[in-house]
Structure formats: structure tokens, C-alpha cells
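Here are the chains, one letter per residue:
2 protein chains.
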Amino acid sequence: MSKASSVSPFAPKTLAKLPSIEGVAFATAEAGIRYKNRTDLLLAVVDEGTSVAGVLTQSKTASAPVLACRKHLKKGAARAVVVNSGNANAFTGKKGSEAVDITVAHAAEAVGCKPHEVFVASTGVIGEPLNAEKFAHLLGDLAKRAEPDAFEKAARAIMTTDTFPKLATRTALIGDTEVTINGFCKGAGMIAPDMATMLCFIFTDAAISSDALQELLAEHAATTFNCMTVDGDTSTSDTCLMFATGKAEARGQKLITKAKSKKLQAFSEALYDLMRDLAIQVAKDGEGLTKFVTFEVGGAKSWHAARAIALSCANSPILKTAIAGEDPNWGRVVMAVGKSGEAADRDRLAIWFGPHCVARDGERAADYDEKTVAAYMKNPEIVIRVDVGVGKSGARVWTCDLTHEYVSINADYRS
Amino acid sequence: MSKASSVSPFAPKTLAKLPSIEGVAFATAEAGIRYKNRTDLLLAVVDEGTSVAGVLTQSKTASAPVLACRKHLKKGAARAVVVNSGNANAFTGKKGSEAVDITVAHAAEAVGCKPHEVFVASTGVIGEPLNAEKFAHLLGDLAKRAEPDAFEKAARAIMTTDTFPKLATRTALIGDTEVTINGFCKGAGMIAPDMATMLCFIFTDAAISSDALQELLAEHAATTFNCMTVDGDTSTSDTCLMFATGKAEARGQKLITKAKSKKLQAFSEALYDLMRDLAIQVAKDGEGLTKFVTFEVGGAKSWHAARAIALSCANSPILKTAIAGEDPNWGRVVMAVGKSGEAADRDRLAIWFGPHCVARDGERAADYDEKTVAAYMKNPEIVIRVDVGVGKSGARVWTCDLTHEYVSINADYRS
Chain B
1 MSKASSVSPF APKTLAKLPS IEGVAFATAE AGIRYKNRTD LLLAVVDEGT SVAGVLTQSK
61 TASAPVLACR KHLKKGAARA VVVNSGNANA FTGKKGSEAV DITVAHAAEA VGCKPHEVFV
121 ASTGVIGEPL NAEKFAHLLG DLAKRAEPDA FEKAARAIMT TDTFPKLATR TALIGDTEVT
181 INGFCKGAGM IAPDMATMLC FIFTDAAISS DALQELLAEH AATTFNCMTV DGDTSTSDTC
241 LMFATGKAEA RGQKLITKAK SKKLQAFSEA LYDLMRDLAI QVAKDGEGLT KFVTFEVGGA
301 KSWHAARAIA LSCANSPILK TAIAGEDPNW GRVVMAVGKS GEAADRDRLA IWFGPHCVAR
361 DGERAADYDE KTVAAYMKNP EIVIRVDVGV GKSGARVWTC DLTHEYVSIN ADYRS
Chain H
1 MSKASSVSPF APKTLAKLPS IEGVAFATAE AGIRYKNRTD LLLAVVDEGT SVAGVLTQSK
61 TASAPVLACR KHLKKGAARA VVVNSGNANA FTGKKGSEAV DITVAHAAEA VGCKPHEVFV
121 ASTGVIGEPL NAEKFAHLLG DLAKRAEPDA FEKAARAIMT TDTFPKLATR TALIGDTEVT
181 INGFCKGAGM IAPDMATMLC FIFTDAAISS DALQELLAEH AATTFNCMTV DGDTSTSDTC
241 LMFATGKAEA RGQKLITKAK SKKLQAFSEA LYDLMRDLAI QVAKDGEGLT KFVTFEVGGA
301 KSWHAARAIA LSCANSPILK TAIAGEDPNW GRVVMAVGKS GEAADRDRLA IWFGPHCVAR
361 DGERAADYDE KTVAAYMKNP EIVIRVDVGV GKSGARVWTC DLTHEYVSIN ADYRS
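One line per chain: the protein sequences are B and H, in this order. For the record, in the first sequence the residue sitting at position 223 is 223 according to the working numbering, with numbers rising by one throughout. For the record, in the second sequence the residue sitting at position 339 is 339 according to the working numbering, with numbers rising by one throughout.
Incorrect hints may appear among the rest.
One copy or any two copies: either way a pair holds, since identical chains are not told apart in the list.
What the hints assert, rightly or not - Dumping the calculated DMTMM-like pairs for lysine to aspartate or glutamate here, alpha-carbon to alpha-carbon at most 25 Å: (1) K378 <-> E22; (2) K75 <-> D149; (3) K260 <-> D327; (4) K378 <-> E405; (5) K392 <-> E219.
Just so you know, the hints here were simulated from the structure itself, not pulled from any lab data.
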């Protein structure tokens with residue numbers, strides 16, 4: 001943890017108020033896993049009949065909880081989620097799987113379900129054995145006192161270096177039935193999601209099959225969490241899980257089993273919007289940030305190429321430090337486009353900082369005015385747009401600047 | 001430029017003394033291109049009959065001088081090199097090519113050669129038009145006063161944020177004839193060479209054809225400059241040129257035209273050793289560094305996979321800041337291995353910090369002692385070794401830590 005971390009300048013003045021979702025309840029505890037005097041254990045309980053979907057890190061050194069989620073997702077049913085912060089239970093060998101087994105067994109007993117209906121996630125230090133005995137005995141009590149109106153408490157219990165809890169809520173109509181989608185997630189370093197963000201949990205009362213939910217979630221993860229980066233460092237623990245309790249069926253919603261169903265369109269849009277909101281909140285709480293930065297790449301050969309170019313910009317230390325210094329150093333944008341390896345026509349390249357065109361046709365714009373662009377760089381939110389001049393596809397990536405505070409936070413994380 | 005940049009702790013106490021090489025002469029000038037009161041223009045003159053080889057950046061936004069070198073290399077003959085610092089002449093459109101043409105024309109006239117025998121390189125700010133008229137007229141005088149014993153002056157004239165000039169010399173026997181190889185290069189930020197380092201010039205009196213020279217240079221660039229990174233940001237201007245004057249023929253060396261000739265073995269080894277020396281010097285002058293770090297990856301499926309894993313570690317901001325904080329945070333090594341996308345067996349992974357095994361068989365080593373490893377991290381030179389447990393190939397990458405000073409240098413570079 002940073003010894004001197006201050007709250008992100010982008011922390012919301014008031015947190016989103018999340019309504020309860022029928023069939024979902026939470027309880028948290030201070031288990032003292034690593035942190036003192038703050039909650040670090042979360043139990044979410046969902047009612048029988050809840051379907052589940054998930055996207056997980058593509059890391060080759062994925063954590064023990066990620067492997068358990070991957071296995072349990074195949075069954076498509078959920079009753080409980082256990083999350084701890086302070087220890088990632090990653091690279092912990094057999095002991096890591098054993099810790100997961102102990103946690104799952106205790107949660108299954110507490111909730112009264114099968115082990116494969118329990119999902120687990122851990123976040124914190126990598127490589128330290130996680131002693132599940134330290135908190136597994138608390139799960140029985142947590143199950144008893146789980147309450148529906150506790151999204152903020154839940155979001156706080158999964159924080160590590162985050163400076164604010166990340167919450168979002170949306171509603172959508174499926175047929176004539178209004179359903180709710182709530183989500184929360186955490187950042188704030190080792191963030192360059194490969195299939196999801198560090199940890200994200202989304203709940204809805206909609207009745208949607210696990211298969212259809214999986215398709216929606218993966219589709220939107222690609223353009224939201226996977227288009228966001230703090231430091232280019234993909235975590236061992238990235239986990240995004242979504243639960244649909246199906247309670248809206250009692251209010252007349254007919255179960256949806258196809259992601260492409262026209263009836264799901266409004267829901268899909270609301271889900272995208274919620275995931276986008278959460279992804280942006282993570283970038284806005286990037287470790288040590290002073291600027292929130294959006295890279296918009298157009299004129300590329302494909303969405304994948306545009307995203308790769310935007311990520312090359314968003315992960316460039318030399319460009320991110322220039323932004324921290326409020327220097328409109330668009331030469332470094334040129335460098336980052338060039339090093340991405342994706343097709344770009346150097347002589348048709350154009351670059352904008354906010355509304356100001358700084359370069360077009362492969363050279364500095366004739367009407368470029370350094371003072372104007374330097375003044376723009378003083379804004380807390382910066383948009384840098386690049387047209388690479390070879391096609392019609394575009395992508396957008398959210399990130400933050402690279403500051404002294406990032407170095408301080410990460411030089412001292414374990415001490 | 002950094003306002004407060006101090007000299008790298010790894011700056012050599014005494015610079016290598018480079019002997020003169022028959023057929024090579026240098027002159028430098030203060031042209032005031034960007035910097036005041038320091039040399040920023042270099043002319044190297046090589047005698048007729050000099051063969052040439054080069055490896056250049058793979059950036060899609062390569063600079064105008066890089067494009068010119070690529071064209072001139074095809075002819076395989078050299079008489080002059082013009083290098084300026086302070087302005088990279090990159091992303092400067094038609095004006096950029098025109099500046100190169102003016103420079104080449106003046107140099108060809110000054111030296112008395114064909115335009116394709118002139119090579120050019122520029123380093124500094126990207127995107128600012130380079131006014132060649134500012135310095136091209138100086139080349140005639142430089143050609144007249146070029147002198148052989150001026151390698152250090154030459155190395156100084158191409159520096160930007162470098163805190164010391166990078167020089168190296170070797171000798172080797174070809175048959176019974178001793179030949180000399182001299183080289184110099186520059187760093188110090190935007191360094192993640194894709195085919196060469198930022199700027200590197202190597203000279204020898206050996207008689208080797210351009211084709212053979214090209215093969216040797218490319219082979220050794222792969223395992224030296226291309227295994228070194230400061231910040232993962234591949235420059236638009238990376239240029240490594242090598243010149244062989246062939247003067248050793250007069251002393252009995254027979255011209256070599258095949259890179260695989262047994263007679264070239266000692267020369268090839270000496271060249272590798274010199275390039276490795278220069279690559280390490282660049283990493284040891286990485287912007288703002290306090291630690292020089294070597295990542296050695298073994299047990300990989302191929303050299304390419306091992307190099308990709310080592311580079312993933314060497315370019316990870318969260319790992320490099322931990323090293324700056326002297327924190328033996330090997331969990332971040334696990335993360336960086338995992339995010340590389342290359343094959344690795346999580347449960348056979350082993351990690352050493354210096355001589356200390358911190359993890360084996362996919363978990364913390366039983367005899368791990370935090371105090372011992374923390375004490376090791378106080379060393380200025382850190383070696384981190386990883387065995388990924390899936391094969392027999394290995395690679396080594398050199399880099400430095402990521403510090404407050406790197407942020408300071410790059411937040412203010414243009415101001």
C-alpha cells in the first residue's frame with residue numbers, strides 16, 4: 001500500500017446508490033487477512049436458479065481462484081461468491097488450490113449448496129500462501145446476516161490500492177418487464193485486463209440463461225474492460241463474473257436463452273453502458289494518476305488494429321509521463337503508433353489533442369499553436385485522437401498518466 | 001531535457017580509449033540545432049572502398065533519415081555519415097526528406113562522393129521540422145578538419161539525455177592479421193530497439209564485404225541491442241550502422257565475403273562482445289535509473305519465447321518500480337511471465353533473485369528468507385533468473401529500474 005496515497009482527483013463526489021436486486025444479498029467482515037481495521041472478506045449469496053457467466057484473465061500464471069471459477073462456470077449455476085482482498089492466492093501451488101477447496105467447502109455448507117455453485121476471487125499480494133482457516137470459519141455467520149441493501153459495503157471489501165469504491169447501476173426493459181443491473185469492481189494497479197478487469201461483479205434480476213449471459217458479457221468485456229489500462233500489467237487474477245437471479249420471471253419476464261434475441265437489445269445496451277462506466281471508474285482511480293486520458297484511434301484496418309495502436313499509446317511510459325507533465329508531446333504519439341506494429345500510413349497520419357489538430361498528412365499542422373495546445377493539456381481529462389490513414393475502423397482506450405505517485409505506490413507496496 | 005538530471009551511477013570512472021582506425025576520421029561542431037554550448041553535429045568520413053551494413057528501426061513511423069539509410073544501404077558503399085542531435089527529423093513529412101536531401105548533397109560535395117555513399121541519422125525531438133540550412137553549410141569545413149583520433153568527441157556529439165558517452169573497442173585476428181573494431185552509441189530514453197539501438201556506429205579496418213557484414217551485424221543485433229530496453233518505447237529513429245574500411249588488406253588480410261567463413265569467427269565474437277558492451281552501457285544510462293537489471297529466462301520453448309518473457313519482465317512498470325524500491329516483489333515477476341502470452345508451466349516455475357531461490361515448483365521456496373533477499377536488492381546490479389519449465393531455450397535481457405527521475409525527465413523533456 002502507498003504510505004501517502006491520496007484520493008483520486010476523479011473520485012465521485014457522491015457514490016452511485018445501488019438499489020437492491022431480488023435474490024442477491026451480501027455480508028462482509030474484517031478477517032485481518034492482510035489489512036487491519038477494514039473489511040477484507042465478502043460473501044455474496046444468490047438464490048437458487050441463478051445463472052452465471054464469467055470472463056477471466058488469459059495470464060499463463062493465473063491464480064488458483066481463477067482456475068476454480070473456470071471449472072465452476074462450466075456448470076452454469078451459482079449460489080455464492082467469496083472474495084478476499086489482501087492476498088491474491090496466486091502462485092501458491094498446491095496450497096493455493098487447497099485454500100480454495102477449504103473456502104468453497106465452508107461456503108457451500110454455509111449457504112446449503114453444491115461446491116460447484118460457489119465462486120471465489122482473491123486480490124492482493126502474489127506469492128504469499130493464503131491461510132483460508134483464517135476466514136473460512138466466518139462464512140457461516142456471514143451467510144446468516146447477508147442483506148440485500150449492501151452493494152457499497154461489498155464494493156469496499158474488495159478494495160486494495162483503490163481510493164474509492166466503483167459502483168454502477170442501470171435498468172432496462174425486457175419485453176414489458178423492467179430489470180435492474182448492478183455492478184461493482186476494483187482497480188487500481190496491475191491493470192491491463194486481457195479478458196476482464198481485476199475483479200468485477202455484476203448482478204441482475206433478469207431471467208437469462210448462462211449461455212446467453214456468457215455471450216453478452218464476453219462481447220462487452222472486449223470493448224469496455226479490455227479497452228482500459230493503467231500500467232499495461234495484466235494481472236494473474238482478473239475476474240469478471242455476472243449473475244442473473246431470474247427473479248424478474250415472477251413479474252412476467254420470459255426467460256431468454258439467446259444472446260441475439262431482439263428482446264435483449266435494451267438489456268445488452270444497458271449492460272454495455274454499465275461495464276463502460278465501471279471500466280472508466282477503474283482508469284479514473286489508476287494508481288497515482290493526475291489525468292484521465294482517452295485515446296481514440298480511427299482510420300485503422302480493423303477494430304483489433306485500432307485497439308492495438310490505442311493500447312500502444314496508453315501503455316507508453318514516455319508518452320504517459322509527458323501527459324503528467326502537461327506537455328503536448330505529440331511526437332511521442334507518433335512513436336507509439338509506429339511501435340505498435342499495426343498498419344499506419346506515416347504520411348497520412350493526423351493527430352488531435354482535444355479539439356486541436358496538431359498534425360496532419362504526416363507532419364505538424366500548419367496552424368499548430370503550441371500555446372493553445374499546452375493550455376489544453378492543463379485539463380484533468382485529455383482526449384487524444386489519431387487517424388492512421390489506412391482504413392475505416394476505430395477503437396477507444398481509457399487510461400491515466402504515469403506520475404511520481406505511481407512510482408511511490410509501487411516501490412513500497414509490500415512494505 | 002531534465003532540469004535536474006544527475007550522472008548515471010553506472011557511468012564508467014574512465015572512458016574506454018579508442019585507437020584510431022585507418023580510413024576513418026571525425027569532426028564535430030556546435031550548430032545550435034537545439035542545444036546551446038555543446039556539440040550537436042557529427043561528420044564521419046570513411047575512405048573509398050568502405051563497405052557498410054545497417055539495421056534500422058521496424059517502426060511504422062520511421063524517420064526520414066532511416067528511410068534514406070534503408071535506400072543507401074542497398075548500394076553497399078559508404079564515404080560519409082552525418083549525425084545531428086536535438087531534432088529527430090521524424091514525422092516531418094516532405095520537409096523531412098528535403099532536409100535529408102540537403103544534408104546529403106552538402107556532405108557529398110564536401111567529401112567528394114556520390115549521394116548514396118552518404119548516411120544520415122538524427123536524434124532528438126520528434127515532429128519539429130529540421131532546418132538543414134542551419135548546419136549543412138558547416139559540412140565543408142568539417143570534412144577539411146576531420147581527424148582519426150576523435151571517437152570520444154564523436155560519441156559526445158550524438159548524446160541527448162545520455163549522461164555519459166558510450167564507447168567500446170575490440171581487436172580480433174582474421175587469419176594472421178589483427179583488425180580493430182570501434183563502436184559508439186547513445187541512449188537513453190525511448191529505448192526498446194526493434195532492430196537496432198537508438199543510434200550506434202561501428203567502424204573496423206577489416207576487409208569484409210557489405211553482404212557478409214550485414215549478416216554478422218543483424219545476427220548480433222538480435223542478441224545484444226534487441227535484448228535491451230529502458231522503457232519499452234521503440235524509437236522512430238533506431239539506426240545501427242557498421243563500416244569496414246578494408247585497410248587491413250594492405251597488412252595482408254584477405255577480403256572476406258561470407259559471414260560464415262571460419263576465418264571470421266574471432267572477428268564475429270569480438271563484434272558480438274563489443275555490441276553487447278554498448279547495449280549494456282545504454283541500459284546503464286537509462287533515464288533516471290538507480291539499478292541495472294538483468295533478466296535471464298531459461299526453460300522456454302525457444303529463444304524467441306524466452307526473449308519475449310524476459311522483455312515482458314523488463315518492460316513491466318509495476319515490477320520496475322518495485323525494483324527501484326528495493327522490494328524483492330517476485331510476485332510481479334510471476335505476473336510479467338504470465339502476461340507475456342508465451343508458454344510457461346505455472347506449477348514448475350522457479351525464480352531466483354541473484355543467488356537466492358525465492359520460488360520453485362510454482363510456489364514460494366520453502367527456505368525463502370525475506371531479509372536475505374531484501375538485502376540483495378540493495379545492490380546496484382540485480383540479476384533476476386526465471387525458469388519457466390517447458391523447454392530448453394533461454395535468453396537474457398538488460399534493463400534498468402523505473403524511478404521518480406524517469407518521470408521528471410520525461411514530464412519536462414521539451415520545456
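Query raised in the report: Looking back at the hints listed earlier, which ones does the structure fail to meet?
Result: 1, 2, 3
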